[in-house]
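Peer 1: Chain by chain, the residues:
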Amino acid sequence: MEAEKVGSTKHAKTAALLSIVPGIGQFYNRQFLKGIIFLVLAASFGIVFGDILNMGFWGLFTLGEIPKVDHSIFLLIDGIIALIVTVLGLGVYAFNLYDAHSNGKKRDLGLKLNSVREQYHNLIDGGFPYLMISPGFLLLIFVVIFPIIFVILLAFTNYDLYHSPPAKLVDWIGIQNFIDIFKIDIWRNTFFKVLGWTIVWTFGATTFQIALGMFLAIIVNQKDLKGKAIIRTILILPWAVPAFVSIMIFSGMFNETFGAINKMILPALGLDPQPWMTEANWTRLALILIQGWLGFPFIFAMVTGVLQSIPEDLYEAATVDGASIWQKFSKITLPLVLFATAPIMITQYTFNFNNFNVIFLFNNGGPAVPGQTAWGTDILISWIYRLTMTSAQYGKAAAITMILSFIIIAVALWQFRRTKSFQEEDMM
Amino acid sequence: MSMKKNKIIRLTLSYFVIAIMAVIVFYPLLWIIGSSFNPGNSLSGSTMFPENPTLAHYKHLFDADKSDYIIWYKNSLKISIITMVLTVASVALTAYSFSRYRFVGRKNGLITFLILQMIPNFAALIAIFVLANRTGLIDTHLGLILVYVGGQIPMNTYLMKGYLDTIPKELDESAKMDGAGHLRIFFQIVMPLAKPILAVVALFSFIAPFGDFILARILLRSEDKFTLLVGLYELVAKQFGNEFTKFAAGSVLIAIPIAALFLVFQRYFVSGLTAGGTKG
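Read top to bottom, the protein sequences are chains C and L.
Using my numbering, read the first sequence as starting at 1 and increasing by one per residue.
Using my numbering, read the second sequence as starting at 1 and increasing by one per residue.
Since the hints were derived computationally from the structure, they do not count as laboratory data.
Honestly, I wouldn't trust all of these hints.
[As the list claims (entries may be wrong)] Here are the computed lysine-lysine pairs in the DSS-like style, where the Cα-Cα straight-line distance is at most 25 Å:
#  : chain 1 : residue 1 : chain 2 : residue 2
1  : L       : Lys5      : C       : Lys228
2  : L       : Lys66     : C       : Lys228
3  : C       : Lys226    : L       : Lys59
4  : L       : Lys66     : L       : Lys195
5  : L       : Lys169    : C       : Lys331
6  : C       : Lys168    : C       : Lys13
7  : C       : Lys228    : C       : Lys106
8  : C       : Lys183    : C       : Lys193
9  : L       : Lys59     : L       : Lys225
10 : C       : Lys228    : L       : Lys225
11 : L       : Lys195    : L       : Lys176
12 : L       : Lys78     : L       : Lys59
13 : C       : Lys223    : L       : Lys7
14 : L       : Lys78     : L       : Lys169
15 : L       : Lys78     : L       : Lys7
16 : L       : Lys4      : C       : Lys328
17 : C       : Lys223    : L       : Lys5
18 : C       : Lys68     : C       : Lys10
19 : C       : Lys10     : C       : Lys112
20 : L       : Lys5      : C       : Lys226
21 : C       : Lys105    : C       : Lys223
22 : L       : Lys66     : L       : Lys78
23 : C       : Lys10     : C       : Lys168
24 : C       : Lys223    : L       : Lys78
25 : C       : Lys223    : C       : Lys112
26 : C       : Lys328    : L       : Lys5
27 : L       : Lys74     : L       : Lys59
28 : C       : Lys183    : C       : Lys328
29 : L       : Lys7      : C       : Lys226
30 : L       : Lys169    : L       : Lys107
31 : C       : Lys328    : L       : Lys195
32 : C       : Lys331    : C       : Lys223
33 : C       : Lys226    : C       : Lys105
34 : L       : Lys169    : L       : Lys195
35 : L       : Lys176    : L       : Lys74
36 : C       : Lys223    : C       : Lys68
[Claimed, not checked] Pair by pair, the computed Cβ-Cβ distance ranges are:
#  : chain 1 : residue 1 : chain 2 : residue 2 : range
37 : C       : Thr390    : L       : Ala56     : 33 to 43 Å
38 : C       : Ala368    : L       : Ala56     : 50 to 60 Å
39 : L       : Ala237    : C       : Asp125    : 49 to 59 Å
Every residue, glycine too, gets a C-beta built ideally from N, C-alpha and C.
Next up, chain L with everything else stripped away, as it sits in the complex:
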């Protein structure tokens, strides 16, 4: 009897804790969604469930005459996609050679990558800023993309090398026996087997530039070059609160696709991370 009672108390307490956490998780999200439907610009007087909800803020964002939101969205997508393609290509090549070849400088290269992945690349933001000025890459998307790709390489190379190490070497050795060349082994034997980790790297290198704020803010100057986050930040930073409802609408439109993408791929994230982290 007492065991059953214990069990009921334990489960009730558990559900109670989970319910509180669910409220804490949902409250801010519902609050921003509610704000985005509130009439008026400022937050004061806004409620989570507005009495007369309006789509005005969304319409405003999509009105090309009044707002640059669509341009920013396009910029962000363009930068993220190009970064993703370049990162996946260079990371696949680098990780493959670290995993499959033994060459002079390999060990030092790996240690360099290990240390570089620890230092966030905006720690050198003075240098990136000055360098971009010197080379004329300031306020260009190309400069931003190069910085993103370079910053993504060390960590993702490590992640991918860890995965490639788990693909048996006998496979490529027997292919070599059969006369397959380096490129053929790479493209037709190893890469198809590495699809899961390729997907993870692609997703990481898409989301990171999409969610980056600081580098984009330093490098981009003119409003029509802004990425989404920089644009939105400028929107609220000018005078906090006054444009908050528009900001809310803009945020909801960013958060929904990213969150959906994320929840779909979440499984791979976790397994990819733990595999890369413990197996190196």
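Only chain C is shown next, with the shape it has when bound in the complex:
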């Protein structure tokens, strides 16, 4: 009796240890069907992926050894696939250990193990959520996560025009790209110039569109204003037209030789034509104005929604207490609106931080700056595009992408710590 008790506390450990070879622990627990499944899974994993993993990791570490034979970038891709397969495999392996251990524990406690039938039901119940998310998740792995890993790894290579497979090999160079960006004068100057404009652009354009949208929403929401429905529809219109079309329209309107701005509007107001497309600062001004046009309707619509939900008696009470219009605005309207829309306002800033379309479509990031890889109105994301597509500086572009993503993720995390969704208990 005594001896058996001592022996029986060890089932959990023994089963888990035996399961280092997948399935054996399950055999030990006398769950033969499950054991066979694990064993077969493990064996087929080894057989099917053995070569891929072997070659993949070799390629990932060396990036190829013979120029013209080994294609470094393809080896890198295969290496990442090997990495993902390994992680998925390790997941199943961990589950195998966990399963053996928990069933062993059940035996230790003298509980009956589930029969095959019960196991099947458990599998269906417990596995159902995994089954449901797997199509989306697999796609996400290959279309979103895979490219991200690729970019991260690329940032540590010297992949550019001069190290371009198949003729040449690409090598790991550690953090040299980052050092170059901050140490080499031309890179550093360009980087900080672009970063500076990106920040000015983000805050200038976004604040402008928010202020405009909010201002108009408050004006239109006045009680005694007639024709609200039609006014709202008109003011929403810029949001409804596809941004691509609007930006191309503006690109035509701001054209220096035949655009309507220089030919009709400025002369009509008694002003001189301006070099909108060839002088960087004028292009910047135009971009901020255009983004204001594109972006204010969204803010307008949201703020209108919030305003309509503010109960009327708040204002009535304030009027009774002798509050002025300005006091009502700054003490009631503004705090309520800001509180309700703050998270979305912040996403507007991150959106403009990466607003490639308006920069690229309006003037191609131009005007061109001689001797620099970034043009006059390039923001980080459009600079990355230019580095990739026109000067083939893949390694540097990837390094800058990492810096950019870092900024975005930091802002995103900071923002979501403050919103309710993070504090909800079911998130935890």
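We have chain C; now place chain L onto it with these hints.
Peer 2: Here is chain L on its own, set in the frame of chain C:
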């Protein structure tokens, strides 16, 4: 008396501001519509209200011998519709399991989605380009659709999860008591109640690929595979201004259906966004 005067001044000023904004909103739109009816190819000499308007540019676009416009339109519709169907299906499944089940990895999954929705998927455009080359999906619609669907999943999952969380769990629990299986609860109890958010996700995932320019431009090479925006961009980019009137006609034909669709569903957009944004 002075209060009444104040009121008149306030309202007059308001209408004045609104009138200016209306002009600013309408001017570019009327300008492009006017351009599309202008005779001649270039913009120089074109006016907003042409003296002898012509439909020539529209006819040109629809003439299959002279222009690929109809092919592009079909491509865009095909890509957008397939993206929409795949996105709605996978987002509904993912959001449902995040909202209704408690499973190992759920929290990490949610945080991953949260961060992924912040990074625009063309930030990894080098990778997408190289990967498409490696897998032979470059210059195919399939490759483009996969990238679109993958990119849509995180944000829309969040949006939809936020909505599903507001549907009382007691409903599916009592259905479970009555012996309904997982799939039955999903299809017959929860999804019918989630129709509004399904519509929003469908619309978002239709409009996003329709209005995307950059990914399509990177992945598509041959002219008969182009989407509308890439095709139109190439039309004007070759030599800006020279084909502008045709571009204008093409733009009007894109903008009108999208804007109409948008104005009809605009209400849902706003409420869907604020609900998803504040309730998570």
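Peer 1: Among all the numbered hints in the text so far, which are the ones the structure does not match?
Peer 2: 2, 3, 4, 5, 6, 7, 10, 14, 15, 18, 21, 23, 24, 25, 28, 31, 33, 35, 36 and 38
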